[in-house]
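Chain W is already provided as a structure; the job is to place chains F and L on it using the hints.
Listed here are the chains, written in short residue letters.
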Amino acid sequence: MMDWAYLFEISLTGISGGGLYALAALAFVMVYKATRVVNIAIGEMLMVGAYLFFTFAATFALPLWLAIPAAVLGSGLLGAVIERTMIRPLLGEPPISVFMVTVGLASVLVGLVEMIWTADQRRLPEFMPTKPIMIGEAFLAPKVFWGAVIAVAFIAAVLLVFRFWRGGVALRATASDQAAAYSVGINVPRVFSLAWVVSAMIAAVSGIIVGSIGGISSSMGVFGLSVLVVVIVGGLDSVLGALIGGLLIGLIEALAGAYLGGEYKLLATFIVLVAVLLVRPYGLFGTHEIERL
Amino acid sequence: METHPPGIPPASAPPLLQVDGVTLAFGGVKALTGVGFGVQAGSITAVIGPNGAGKTSLFNTISGFYRPGSGAIRFKGQDITRVPAPQRARLGLGRSFQNIALFRGMTVLDNIKLGRHAHLKTNVLDALLYIGRARREEAALRADIEERIIDFLEIDHIRHAPVSALPYGLQKRVEMARALAMQPEILMLDEPVAGMNREETEDMARFILDVRAEWGVTVLMVEHDMGMVMDLSDHVVVLNFGQVIAQGTPREVQANPEVIRAYLGSGDVGDLRARLHAGAATPLQGAA
Amino acid sequence: MRIGTLKESYVADAALFDSRTQKVWLAMAAALLLLFPFMASDYWLYLACLVSINVASATGLNILTGYTGLVSLGQAAFMGLGAYTVAVLETRAGTPFVLNLLAGGFVAMLGGIVVGIPSLRVKGLYLAIATIAASFIAHFIFANWKFTGGTGGLSVPPAKLFGLPLDTSFRLYWVIVPITVLMLLGAANLFRTRVGRAFIAIRDRDISAEVLGIPLLRYKLLSFGLSSFYAGVAGGLWAYFFRVVTPESFPLLMSIFFLAAIIVGGMGSILGGILGAVFMTMVPELLKLAVDLLPGGTELTVFLSPVRTVIFGLLIIGFLVFEPQGLAEVWRRIRRFFHLWPFRN
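Residue numbers (the numbering used here), protein chains in the order written: chain W, 1 to 293; chain F, 1001 to 1288; chain L, 2001 to 2345.
Quick caveat, the hints were computed from the structure, so don't treat them as lab data.
Mixed in with the good hints, there may be bad ones.
[Stated by the list, open to error] Here are the simulated DSS-like pairs of lysine-lysine, each with C-alpha atoms no more than 30 Å apart in a straight line: (1) L:Lys2123 to W:Lys265; (2) W:Lys265 to W:Lys131; (3) W:Lys131 to W:Lys143; (4) F:Lys1121 to F:Lys1076; (5) L:Lys2123 to F:Lys1121; (6) W:Lys265 to W:Lys143; (7) L:Lys2123 to F:Lys1030; (8) W:Lys265 to L:Lys2160; (9) F:Lys1076 to F:Lys1030; (10) L:Lys2160 to L:Lys2146.
If we strip away everything but chain W, and leave its shape as in the complex, we get:
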């Protein structure tokens, strides 16, 4: 006899966790939409945001309303530095090269974090409400719930911004044809920088939430692999895809973890990845690229 209540509870947790995936996926999509760069270091950028928050909130003991913006802005700065030093010089190179730069970046960030803060796991200061959330009979960990709420709020905000701001078009124009974008007056370098800064800031928010739930460590970046699956499923350049994909992957992971065992989580995710790549490589909402002979 199927335990529906358990299924419901697990699904709820999964979907909420998926909200976090969606937020991190949003950071990824931001960069891809503007620059066509697949940033595999997204998990590590998330980690840096979390560690910056740790530094400001715990080490420097700043109050929350200072620590969070400080961490987010610090991440934004990092994003700008990354774009200027290692992404911009590779403009015009094959996408594989930039991808490999982000692979190197991930390595550098992990190493730096380990050097400064060691590889030990740490806890972030509590700042979210602690009252357990009950939906019917299902229990939902408060941090997960509130994290998901914040994530979804962010995504909704970004979706709206893209809908009504002409900058959204500028973003897409820059990604598809830089020379053409320049010629219609779009400041291409500024768009690039902006995309990376915003992406890093969103990643930081995501990192702070994820860190609050599960603690922070130098191997947090592995979160990025699940995010990669999310954006492939949703479509590399689709904000909506990030949301739907995130929720979907969160759900699948939670179900796999509950019914098959913890070690099956990542496996299930990767099997979904392979399946999607084979059947619909551009994802649910991604734009299909057509090659000209």
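Coordinates of chains F and L only, in the frame set by chain W:
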């Protein structure tokens, strides 16, 4: 002067290449509609038409890159419409590309050798060991290319140069060399003199005539340079909006009012005749 | 100054080492390789074996990624397939080690072909990501299958050559290095023939390659198969060298290591694979030396691992930004300088 009705090939000996009622659509866009013509063995046939008429799509369909929605392509009497692209090379369809498609990571010589790929036999094991068959085949290939192609196209001074370092005109010549290495029975040249100056154009025209004379290769080319088309071709096919609107000898096609209208819209017919006849630069975009 | 190299036949022009100076260098290198084990300490012999294994694997990856343009982050997983095959055969079947190595290569090759099957539909970066997925799936299988010893892994008895156990670096050197040299020769030969040319064509312009008569799927699978065969043999050698194989022996980080090696060395050149593997293997060792020499050395060793990680990353980024054609290009510049000396260019 008689112009052949569009879509029906001239009656004579069975053509080497026969395109029959080919229709090609991308989503809602009809690239080719009911295109039909024949290419006689040993002839030089030109396909002309305004930009966007479907000339390159036609070439790509013959090459096997696009599968036509309906119609057939016959080569040496055999229906090759369903034959995959890599196998058409072995059957004798050689081709050059509109935007040079040389392999930038290789030298001129290696690019040319690649043309012969479909006819070579070396497999992986032979290749790794490089004794016996692989070595012999490579040596024979090299000798053949040197004697027949490199001398012919006068590119011996650049044979070891990386293609990315070459000027445009020489790259085009290397592309021609590679197409020749394919040991083609029919050589499809997509805008062989695009972007060339007078001198380079004349060199290329001479090569094309020599290829036909010395190698017995049939030539099918897409070209905008009307002077070249009129001077070299035996047969001309005119495309507009994906349809054959005229075909025949160069003279016939030049005089065809449909053709003139396609190039100039409704304008002074006599003026265009004179321009075409004088071998002027690329005709204006038609707006029929 | 080298003025010209006259070739008197096409066969001579196609030779791997054409000028007399190159042949001399080659002879000296061969002599060095032969004499080295008698002069070197255990530590350097250990390093030599490790470098050799890495060169073999890097060359395999170079065939796939450098020459054919298919980015793979699965090299470590294929090595793992080879290593586990060797381990299982040694412990359960006791077959001769050469057979085990070949079997390791074949199993890895099969794995490579399977991973390569989607490569027609799945292109570029998507394929790279698929190889990451394949890595994880392989890791999962290694860790959870009793046949492969689960998380504890398998220990590997030493390879036996005519009854003599190869249990020291000195003895293994005489197996590992010649095998690596053979693999290098094979790769170099490959690119003198139509197979190698086809790989490069696929990298540069796969659509045109197809129209010229190269069946894409077949050659992509060939490239995957060949490069993972190389990885499998390298993995097998790894198993005989370290004598223990666990699921953690071949992490994703190792795939990144090999990718870094061919970027740093120079993709699409056999010399690049060699230089890159040597460089990347020696960098951590040089780091260790540097840390030993610095005052306060013992406290700094805890930094060794993260510093190594940072340097890996910096090397990848640095070479891609400043020297995308790698050390091989640097080498070529040095050679050109000496060829033209005393002229400038």
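Comparing the hints with the structure gives:
no.	hint	verdict
1	L:Lys2123 to W:Lys265	holds, 26 Å
2	W:Lys265 to W:Lys131	holds, 28 Å
3	W:Lys131 to W:Lys143	holds, 9 Å
4	F:Lys1121 to F:Lys1076	holds, 24 Å
5	L:Lys2123 to F:Lys1121	holds, 28 Å
6	W:Lys265 to W:Lys143	holds, 21 Å
7	L:Lys2123 to F:Lys1030	holds, 28 Å
8	W:Lys265 to L:Lys2160	violated, 42 Å
9	F:Lys1076 to F:Lys1030	holds, 28 Å
10	L:Lys2160 to L:Lys2146	holds, 26 Å
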